[in-house]
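Let the hints inform the model, and build the full structure from the sequences given.
If you read the protein sequences in the order shown, they are chains P and X.
Numbering of the first sequence is given in my numbering, commencing with residue 1 and proceeding in unit increments.
Numbering of the second sequence is given in my numbering, commencing with residue 1 and proceeding in unit increments.
Keep in mind the hints are simulated off the structure, nothing from the lab.
Take the hints with a grain of salt, since some may be wrong.
What the hints assert, rightly or not - Capping the alpha-carbon separation at 30 angstroms, the derived lysine-lysine pairs in DSBU-like fashion look like this:
id, chain 1, residue 1, chain 2, residue 2
1, P, 365, X, 129
2, X, 256, P, 365
3, X, 150, P, 365
What the hints assert, rightly or not - Which bits of chain P does chain X cover? Going by a derived footprint, with three or more residues having C-beta under 8 angstroms, they are:
id, stretch
4, 202 to 208
5, 213 to 219
6, 345 to 354
All residues carry an ideal CB built from backbone N, CA and C; glycine is no exception.
Chain residues, written in single-letter form:
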Amino acid sequence: MGDLIANLGLGFGTVFGLIPVDIPGLGVVPIPLNILLCFVGCLVGTLVGVLPGVGPVASIAMLLPITFKFDPTGALIMLAGIYYGAQYGGSTTAILVNIPGEATSVVTTLDGHQMARRGRAGVALGIAAIGSFFAGCVATVFIAAVGAPLTRLALIFGPAEYFSLMVMGLVFAVVLARGSILRAIAMILVGILFSTVGTDLETGQERMTFGMQFLSDGIDFAVLAMGLFGVAEILRNLDHTEVRDVVKQAIGRLLPSMQDMKDSAKPILRGTFIGGILGILPGNGAVLGPFASYTIEKKLAKDPRRFGQGAIEGVAGPESANNAGAQTSFIPLLTLGIPPNAVMALMVGAMTIHGIVPGPQVMTKNPSLFWGMIASMWVGNLMLLIINLPMIGLWVRLLKVPYRLMFPAILMFCSIGIYSINSLPTDVFFIGLFGLIGYALIKFGFEPAPLLLGFVLGKLMEENLRRALIISRGDMMTFIERPVSAVLLVIAIVMLALALLPSIRKSREEVFVDD
Amino acid sequence: MKKLISIAAAALGLVAGAASAQTYPQRPITMIVPFAAGGPTDVIARIVGDHMSRTLGQQVVIENVAGAGGTTGITRAAGAAPDGYTIMMGHMGTHGAAPALYPNLKYDPANSFDTIGMAAGTPIVIVAKKDYPAGDLKAFLAHLKANDTKTNMAHAGVGSVSHSTGVLFTSVVGIKPTMVAYRGTGPALNDLMSGQVDFMTDQIVNVAPQITGGTIRAYAIATPQRSPALPDVPTTKEAGLEGYEVSAWNAVFGPKGLPADVRAKLVDALNKALSDENTRKRLLDLGGVIPEGAERGPEALQKLVESEVARWTPVLKAAGAVAN
Numbered sequence: 001m002g003d004l005i006a007n008l009g010l011g012f013g014t015v016f017g018l019i020p021v022d023i024p025g026l027g028v029v030p031i032p033l034n035i036l037l038c039f040v041g042c043l044v045g046t047l048v049g050v051l052p053g054v055g056p057v058a059s060i061a062m063l064l065p066i067t068f069k070f071d072p073t074g075a076l077i078m079l080a081g082i083y084y085g086a087q088y089g090g091s092t093t094a095i096l097v098n099i100p101g102e103a104t105s106v107v108t109t110l111d112g113h114q115m116a117r118r119g120r121a122g123v124a125l126g127i128a129a130i131g132s133f134f135a136g137c138v139a140t141v142f143i144a145a146v147g148a149p150l151t152r153l154a155l156i157f158g159p160a161e162y163f164s165l166m167v168m169g170l171v172f173a174v175v176l177a178r179g180s181i182l183r184a185i186a187m188i189l190v191g192i193l194f195s196t197v198g199t200d201l202e203t204g205q206e207r208m209t210f211g212m213q214f215l216s217d218g219i220d221f222a223v224l225a226m227g228l229f230g231v232a233e234i235l236r237n238l239d240h241t242e243v244r245d246v247v248k249q250a251i252g253r254l255l256p257s258m259q260d261m262k263d264s265a266k267p268i269l270r271g272t273f274i275g276g277i278l279g280i281l282p283g284n285g286a287v288l289g290p291f292a293s294y295t296i297e298k299k300l301a302k303d304p305r306r307f308g309q310g311a312i313e314g315v316a317g318p319e320s321a322n323n324a325g326a327q328t329s330f331i332p333l334l335t336l337g338i339p340p341n342a343v344m345a346l347m348v349g350a351m352t353i354h355g356i357v358p359g360p361q362v363m364t365k366n367p368s369l370f371w372g373m374i375a376s377m378w379v380g381n382l383m384l385l386i387i388n389l390p391m392i393g394l395w396v397r398l399l400k401v402p403y404r405l406m407f408p409a410i411l412m413f414c415s416i417g418i419y420s421i422n423s424l425p426t427d428v429f430f431i432g433l434f435g436l437i438g439y440a441l442i443k444f445g446f447e448p449a450p451l452l453l454g455f456v457l458g459k460l461m462e463e464n465l466r467r468a469l470i471i472s473r474g475d476m477m478t479f480i481e482r483p484v485s486a487v488l489l490v491i492a493i494v495m496l497a498l499a500l501l502p503s504i505r506k507s508r509e510e511v512f513v514d515d
Numbered sequence: 001m002k003k004l005i006s007i008a009a010a011a012l013g014l015v016a017g018a019a020s021a022q023t024y025p026q027r028p029i030t031m032i033v034p035f036a037a038g039g040p041t042d043v044i045a046r047i048v049g050d051h052m053s054r055t056l057g058q059q060v061v062i063e064n065v066a067g068a069g070g071t072t073g074i075t076r077a078a079g080a081a082p083d084g085y086t087i088m089m090g091h092m093g094t095h096g097a098a099p100a101l102y103p104n105l106k107y108d109p110a111n112s113f114d115t116i117g118m119a120a121g122t123p124i125v126i127v128a129k130k131d132y133p134a135g136d137l138k139a140f141l142a143h144l145k146a147n148d149t150k151t152n153m154a155h156a157g158v159g160s161v162s163h164s165t166g167v168l169f170t171s172v173v174g175i176k177p178t179m180v181a182y183r184g185t186g187p188a189l190n191d192l193m194s195g196q197v198d199f200m201t202d203q204i205v206n207v208a209p210q211i212t213g214g215t216i217r218a219y220a221i222a223t224p225q226r227s228p229a230l231p232d233v234p235t236t237k238e239a240g241l242e243g244y245e246v247s248a249w250n251a252v253f254g255p256k257g258l259p260a261d262v263r264a265k266l267v268d269a270l271n272k273a274l275s276d277e278n279t280r281k282r283l284l285d286l287g288g289v290i291p292e293g294a295e296r297g298p299e300a301l302q303k304l305v306e307s308e309v310a311r312w313t314p315v316l317k318a319a320g321a322v323a324n
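Right, here's the structure in full:
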């Protein structure tokens, strides 16, 4: 405990410390450089998060050269700020324009956008910010206190465990989708099918690429999400003549009421816990966080039918989960030196450019960097709350912009954003194509969210299944012999069995609902 | 008349050529890196490009065009106008292993480019899980041979450096372990640390932190000299393995047909970068190997590309590795 306080003290000292900087015209002046960089990072992150398509990966890559000029601690504090700032900003886009910028904000579109459509955009944004702030605070202390020992969890998870985890995730999705359960399964399967496009990892053979080179690396998640959600949403909005209902209604209060806070308190707590734990898993276990949180909130709710219709719990829980996960995903990076996702891989690059080799020794070799970064996360979360709450009014006012002016801008940002990721013109064509597919699906009553989930989990599931079987030399027992894997599979089977009991079947709820 | 026009055109061309010699570069230069930002090739390109910008007086902008083991970016760069405003960072995979791995490759590593020079190599290290029952490389090789079919070798995907160098390792040693593919080095290392897989070969920059942190063990480094980044790890030769010296080299290329003066300016800028104290320190901190003397420059690189294609093609073809 004493260590923890001493370490956090060192961290906050680093963040708030004055650093002499040579300012032209003023000479060398000591200024709180790190805190300024933290602020700049959070601000840039919020902006790129809000712009549909311009994600944290692209913006961190673009800002990498600027950080050459700073010392590594300041540079990494800024880059980390961009990362979790973008998580905040991404929720704004998910809620207001129904575009999930990242896999983790898919779930936010379900109820968040419904709240916006019902004139509660301000409250949705407010609760997302508050939930994220709370999750961020808890995750910071969590990383500081138990980060190092918890990395052992990451090492328990081998291919067999990952496969079982993904099976559990998909079973949750199927079991809890009601009414159109067949359609939900169909969409998940289509998602899994999409995920198999591209060069086969084990053999190097191309699958379903039709000889087209740009398909050889598979379909990009951002392309699929932006097309199915962003472009399809625009098409849907354009096909009925009325402008958007959101615009005509009062924007409503920005700050959540006492009742809203009461409804959200427990979901925020649960979301923080679930998201935090799943965030530690390398191999992008964090994508399951918001989804698991949503599923649980719906399961626990007295009236699950409200979900998908703008239930505040459906925003509060997943938003807390995704922010907690965003922060705990620094644990494998800082303690094992293994990046769990694309943004973290960029952070590794940023560290190596600055001559710091990420890995287990960062904590002992560069303690001020390690603890400074952790302390900066808490400070950054506070800043984000301060940046975001007054700006909610601004974002919501965006909705008042006539749609005929807004949709070309959204389309333009989507196109620029997607091009900036891989510099591939075909990606831009593909968001158009997936937009048409998404529009057709909506018209026929299929929901795109399960498809996206199948896509994200499908790839991990297939690769880990084959990897586990290769390691076990084809022995299926490996999934049962390994205790963690067995437990996950048992949970999945129990969920499935419960769903098959008719009485429970009646009360089965909807996880994925579009209007 | 026709003759007159052609003479005039030639004269104009000469003037234009002379003008370009004096004024190149007039705008920022794009260096295409065929991998995602943050990886070893990207980091080396950014460090070298940063210093080249100072010599050239124009920003060298890094553009990451990832895909298909780097061949997507190199294909695009090969088709760019040879005016010196588009150059690329090629590497062992794109300019050595690719012809064997990609039968439909749209460029020829040895003939589609004007070489500028080697930037930096990152040595390959043979690593295994930390409780692998072998004290040194000799014991490791003996144990591998005795447990051939039971051993799992991890790699970061067909076409990656760890895959090509791993295939070379198995063919030099004469073993056929089970290959387990991962999407990138990170997840492969994770499973190596937890002991799910037994060993792999990869670039020093990817594995050095885990080696010094004691979560995996290193048996040898595949270079003629030991690396200052891992002074305790013996070279393959010292440890008793002949014929396995390999490094993931990164080198600067331009599209075929660069004007001689433009090419000379780029060669000079690269040389200055590689002689700069600060740039060298940053490359060495990564565990990089910097080319010296005769190893630098366009001719040395041209020879290297030809010998690398000749080296990788039979090894990878024999292993039946194809990426598409």
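Here is how each hint holds up against the structure:
Using a Cα cut-off of 30 angstroms, the hinted pair residue 365/P and residue 129/X holds, with the two alpha carbons roughly 24 angstroms apart. Pair hint residue 256/X plus residue 365/P does not hold up; C-alpha atoms about 46 angstroms apart against a cutoff of 30 angstroms. For the proposed pair residue 150/X and residue 365/P, the alpha carbon gap of about 38 angstroms is over 30 angstroms, so the pair is violated. A stretch counts as covered by a chain when three or more of its residues have a beta carbon under 8 angstroms from one of that chain; for the stretch 202 to 208 of chain P and chain X the count is 5, and the coverage holds.
With a threshold of 8 angstroms between beta carbons, the proposed coverage of the stretch 213 to 219 of chain P by chain X holds, since 4 of its residues qualify and at least three are required. Counting residues of the stretch 345 to 354 of chain P whose CB lies closer than 8 angstroms to any CB of chain X gives 8, so the stated coverage by that chain holds, three being the minimum.
In summary, the numbered hints that this structure violates are 2, 3.
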